[in-house]
Amino acid sequence: MKKSEKKMIAIIIIIGVIVIGGILVTRNLRNKNNNEDETNEVKEEFVSVLEDGTKLNISNQLAQAKKVNSLDLTNFQLTTKNNVTVLLGTITNNTNQTVGEFEADVKILDKQGNELATFGLLVGALEAGASTQLNTSAPRDYANAYDFEIIKR
Amino acid sequence: MKNKGITLLSLVITVIIMIILAGVTINLTIGDSSIFKNGVLAREETKKAQIKEYLDLKLLDEQLSNYNGTAEVIIGKTRENVYNNQDDLKKMGNEVEIQEAITTEEESLFYVIVDKYVYKVSMDGTTYEGEQTGEDTELQEGAITFGYTPNNYTNGSVKVKITTNANPNEYTIEYREQNETTWKKYTGEIEVSVNKSIYARLKNVMGATTIATGTVNIIDALKPNTPTINVETTTNTLNITASATDQDATTDYVCSGIAGYCFSIDGEKWTDYQKSGEYTYNDGITQGTNYTVYVKAKDNAGNECEIPASKTVKTLYDTVTTKLKVGDYVSYSPTSQSYTLASTDTGTSSDQTFKTGDYTGLWRVIYNDSTGVELISASSVINLTMNGKVGYNKLVATLNTIASKYVNTTYASSGRSVGSNRTSPTGASSYYTNSSYSYIASSAKDMIVADSDYKTDFNAMTNAGMANIGADYWMASRYIYADSNGAAFHGVVVDSTGSIINLGLRCTHSYGESTDHEYTKGVRVVVKLNNNDYITSGSGTTSSPYSIAVPKN
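Protein chains in written order, with numbering that gives the first Met the number 0: chain A, 0 to 152; chain B, 0 to 552.
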């Protein structure tokens with residue numbers, strides 16, 4: 000290999016190291032910024048405030064359909080107003096038989112999966128194919144919930 | 000022919016690097032973390048901070064103007080003030096909306112919306128609530144609604160109110176508490192003293208329809224656990240770090256979490272509760288004193304721990320090594336005693352007797368360094384007469400003997416005369432004889448020129464302005480002057496102007512004649528303090544010298 004070619008390769012290697020270093024630094028900075036953003040916004044990450052001050056939960060995870068005791072739960076809406084949080088939704092019996100009355104616990108979860116609160120829930124007897132409103136509430140602001148899980152007692 | 004172009008491999012590598020560089024540049028310019036997007040975000044955050052500060056100032060104005068006003072009045076006037084000056088907000092945003100003030104059982108507030116960013120103004124200040132969604136958002140409504148009083152953590156009972164948007168002429172509300180099976184007609188607020196769910200349903204002539212659940216989960220009647228406590232001390236501060244946990248939730252009560260801590264010394268004058276478990280006492284704390292620190296914790300429901308944490312600690316001492324500076328005045332008393340210097344140690348015709356208690360003057364710090372802390376008598380402790388060849392030879396030893404009498408072993412470890420070696424003061428004990436300079440002590444035989452030890456002290460005293468006391472005093476050093484005619488044997492003295500002079504105690508001449516001289520000069524003593532002596536009072540001045548003491552355990 001000629002001397003000039005060796006010199007050229009050395010220069011290219013140095014430039015390559017600098018470029019790779021630059022990419023790594025950029026990625027690290029971006030990750031750091033993202034982490035800081037998450038920290039700053041964690042309080043209101045899943046909240047949208049309506050005109051009247053009502054806080055509306057906008058978590059996609061929370062909005063996903065759920066199932067308890069063979070009943071389908073959909074159409075969720077979690078709001079907080081005057082420091083009272085209300086979870087509404089629709090309960091549908093898509094089975095072909097009546098599901099009797101039962102009690103359940105609704106565990107409100109944050110993004111890390113920590114339980115913020117437990118709401119009680121009484122589901123009345125529901126005939127096959129029928130729907131009713133899910134309506135449970137509790138004091139305090141849980142509008143920034145990420146998800147909830149519902150467990151039959 | 001010699002090829003001067005680049006190889007294909009080099010070309011490919013160069014192109015790849017160019018592509019990578021282009022990618023990095025594009026990413027930095029228009030990526031998620033690009034400088035442009037970061038600039039926009041920074042501008043938005045600055046705008047939010049400006050608006051929040053503006054609203055806080057308006058609130059503060061009204062709080063100051065209406066310091067006796069209710070929250071409703073103050074919030075109402077703040078809202079009016081903001082509304083009347085909304086042009087200010089329009090300088091910070093394009094669309095400004097100031098909503099009507101609302102007063103609920105819990106608080107008074109109003110919302111300000113600037114470019115879809117919602118700010119809540121209440122008596123606690125302005126908080127940014129988030130971004131407003133579209134005006135078309137339609138919410139579901141619950142057929143049954145629960146209200147709770149209070150609606151935050153409490154250690155008392157909670158009143159639950161049930162209302163409905165259904166026609167009261169068609170529907171009645173029935174309820175039952177968790178674990179009950181019988182539905183009862185709802186007639187008014189239900190008071191619950193432990194956490195539980197309340198089930199409510201609407202009933203008409205056709206039977207029961209919708210069911211709703213209200214859950215009381217804010218009652219915490221369990222006291223927090225006693226905090227753990229750590230206290231670090233200095234000479235005048237107590238730094239407390241406390242940490243507590245709230246009792247775990249039970250079936251009846253929730254764990255509301257620790258809200259804050261309050262602190263006390265000796266169980267008196269408790270501080271207000273504060274969120275942080277760290278607190279520093281730095282007012283009125285004195286060194287070397289025992290203090291018992293108490294800490295109480297309170298949870299978010301208002302329960303205080305049953306037993307406060309306590310810890311007894313002792314503050315550190317201001318030791319002489321940490322506190323004293325060169326030149327400071329110190330009150331130091333030697334052990335009271337009488338001592339006699341024999342004429343064989345001074346060359347005088349008779350013994351000289353002194354009492355240490357005769358010196359009642361102050362002392363000053365001449366050194367505070369790695370060797371230790373040394374005090375020098377602010378003036379001469381005695382006037383000492385030395386004479387002739389004995390006086391010359393015994394000068395250093397006699398001066399150091401005198402210094403040793405001024406050591407109070409309670410506070411000091413050693414004493415020496417000013418001008419002697421700091422670490423190992425020595426003196427003359429035996430005579431040296433030779434044909435040229437008879438009568439010279441063996442320890443002084445090499446001092447044909449000036450002994451330089453005294454210069455260390457003399458320079459230190461000069462720098463600290465302590466060399467001149469307006470009267471002559473001996474330095475623990477000697478000096479010989481010799482020429483072909485004879486020799487003169489001097490004692491070193493600092494004179495009344497603060498200058499070094501040499502006094503001839505004995506002179507010899509080549510033909511055998513000799514003459515003795517006698518001088519009376521002051522003696523200044525240096526004592527070395529024990530490092531753990533501490534300062535009890537004073538400020539180091541002549542009118543308020545430092546007092547020293549021995550630490551008590």
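Derived from the structure by calculation, the hints contain no laboratory data.
Note that the structure is a prediction, hence the values are computed from the model and not measured.
Any given hint might turn out to be false.
Stated by the list, open to error - Quick list of in silico lysine to aspartate or glutamate cross-link-like pairs, EDC-like style, CA-CA up to 16 Å:
hint, chain 1, residue 1, chain 2, residue 2
1, A, K80, B, E106
2, B, K115, A, D51
3, B, K115, A, E50
4, B, K115, A, E43
5, B, K47, A, D146
6, B, K388, B, E512
7, B, K195, A, E102
8, A, K106, A, E50
9, B, K46, B, E130
10, B, K297, B, D247
11, B, K46, B, E94
12, B, K222, B, D265
13, B, K297, B, E277
14, B, K47, B, E130
15, A, K80, B, E128
16, A, K80, B, E105
17, B, K222, B, E305
18, B, K47, B, E96
19, A, K80, B, E305
20, B, K195, A, D104
21, A, K80, B, E140
22, B, K115, B, E94
Stated by the list, open to error - Quick list of the computed label-pair ranges, beta carbon to beta carbon:
hint, chain 1, residue 1, chain 2, residue 2, range
23, A, A127, B, E176, 22 to 32 Å
24, B, A48, A, S69, 17 to 27 Å
25, A, E114, B, Y66, 39 to 49 Å
26, B, N164, A, A64, 41 to 51 Å
27, A, G128, B, E79, 47 to 57 Å
Built from N, CA and C at the ideal position, the CB exists for glycine as well.
Here's how the hints hold up against the structure:
1. A:K80 to B:E106: Holds: K80 of chain A and E106 of chain B sit about 13 Å apart, inside 16 Å.
2. B:K115 to A:D51: Distance of about 13 Å is within 16 Å: holds.
3. B:K115 to A:E50: Roughly 9 Å between the alpha carbons, so the hint for K115 of chain B and E50 of chain A holds.
4. B:K115 to A:E43: holds, 15 Å
5. B:K47 to A:D146: Status violated; Cα separation ~29 Å.
6. B:K388 to B:E512: The given pair, whose Cα atoms are some 13 Å apart, holds under the 16 Å limit.
7. B:K195 to A:E102: holds, 12 Å
8. A:K106 to A:E50: violated, 28 Å
9. B:K46 to B:E130: Distance of about 14 Å is within 16 Å: holds.
10. B:K297 to B:D247: holds, 14 Å
11. B:K46 to B:E94: Roughly 13 Å between the alpha carbons, so the hint for K46 of chain B and E94 of chain B holds.
12. B:K222 to B:D265: violated, 22 Å
13. B:K297 to B:E277: holds, 14 Å
14. B:K47 to B:E130: holds, 11 Å
15. A:K80 to B:E128: Holds - the C-alpha atoms of E128 of chain B and K80 of chain A are around 12 Å apart, at most 16 Å.
16. A:K80 to B:E105: holds, 12 Å
17. B:K222 to B:E305: Since the Cα atoms of K222 of chain B and E305 of chain B sit roughly 7 Å apart, the hinted pair holds (cutoff 16 Å).
18. B:K47 to B:E96: holds, 15 Å
19. A:K80 to B:E305: Violated - the C-alpha atoms of E305 of chain B and K80 of chain A are around 35 Å apart, more than 16 Å.
20. B:K195 to A:D104: Answer holds: K195 of chain B to D104 of chain A is near 12 Å, not above 16 Å.
21. A:K80 to B:E140: holds, 13 Å
22. B:K115 to B:E94: Holds, because 8 Å separates the two Cα atoms, which is no more than 16 Å.
23. A:A127 to B:E176: 22 to 32 Å: This hint holds: roughly 30 Å between Cβ atoms.
24. B:A48 to A:S69: 17 to 27 Å: violated, 52 Å
25. A:E114 to B:Y66: 39 to 49 Å: This hint holds: roughly 43 Å between Cβ atoms.
26. B:N164 to A:A64: 41 to 51 Å: Once the Cβ atoms are compared, 26 Å apart, the range 41 to 51 Å for A64 of chain A and N164 of chain B is violated.
27. A:G128 to B:E79: 47 to 57 Å: holds, 56 Å
Violation of the numbered hints given earlier is confined to hints 5, 8, 12, 19, 24 and 26; the remaining hints are satisfied by the structure.
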